[in-house]
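Novice: Sequence:
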Amino acid sequence: MAENSNSNLKAALRRRTAEFIAAEAAHRNPLKPLLQAIGRLGETAFLFGGTLRDLMLRGLGHDPHDVDIVVAKLTPDL
Numbered sequence: 004m005a006e007n008s009n010s011n012l013k014a015a016l017r018r019r020t021a022e023f024i025a026a027e028a029a030h031r032n033p034l035k036p037l038l039q040a041i042g043r044l045g046e047t048a049f050l051f052g053g054t055l056r057d058l059m060l061r062g063l064g065h066d067p068h069d070v071d072i073v074v075a076k077l078t079p080d081l
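In our numbering, the protein residues as written are 4 to 81.
Hints may be right or wrong, so weigh each one.
Cβ pair distances, simulated, as ranges [said to hold, decoys possible]:
| hint | residue 1 | residue 2 | range |
| --- | --- | --- | --- |
| 1 | 36 | 7 | 35 to 45 Å |
| 2 | 76 | 7 | 13 to 23 Å |
| 3 | 15 | 38 | 11 to 21 Å |
| 4 | 64 | 8 | 16 to 26 Å |
| 5 | 22 | 71 | 11 to 21 Å |
| 6 | 9 | 48 | 18 to 28 Å |
| 7 | 65 | 39 | 15 to 25 Å |
| 8 | 7 | 45 | 11 to 21 Å |
| 9 | 12 | 71 | 18 to 28 Å |
Please keep in mind that the hints were generated in silico from the structure rather than gathered at the bench. Backbone N, C-alpha and C define an ideal beta-carbon position, used for all residues, glycine too.
The task is simple: from the sequences and hints, build the whole structure.
Specialist: Right, here's the structure in full:
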């Protein structure tokens, strides 16, 4: 039962994160283009911190003060 609950929470977080990124792009926020540029370089970016917490607790109606991103590896050419 706990495994199913975790799967549901993961799915909800993925959906809300995708919706958040799309909504931010609609407001001309550089988040989506930044993540796309990182992906084009073949790198992997991860969102973490309070933004994800707020998406789960408050949904899309809450504007975060900042978005924390870590890149798995970054080439020195950047």
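Novice: All the hints need checking, so say for each whether the structure fits it.
Specialist: Structure-based check of each hint:
1. 36 - 7: 35 to 45 Å: 36 Å, holds
2. 76 - 7: 13 to 23 Å: For residue 76 and residue 7 the Cβ distance comes to about 34 Å; the hint is violated.
3. 15 - 38: 11 to 21 Å: 20 Å, holds
4. 64 - 8: 16 to 26 Å: 24 Å, holds
5. 22 - 71: 11 to 21 Å: 18 Å, holds
6. 9 - 48: 18 to 28 Å: 23 Å, holds
7. 65 - 39: 15 to 25 Å: For residue 39 against residue 65, whose Cβ atoms are near 24 Å apart, the range 15 to 25 Å holds.
8. 7 - 45: 11 to 21 Å: 34 Å, violated
9. 12 - 71: 18 to 28 Å: 19 Å, holds
When each numbered hint is compared with the structure, violations occur for hints 2 and 8.
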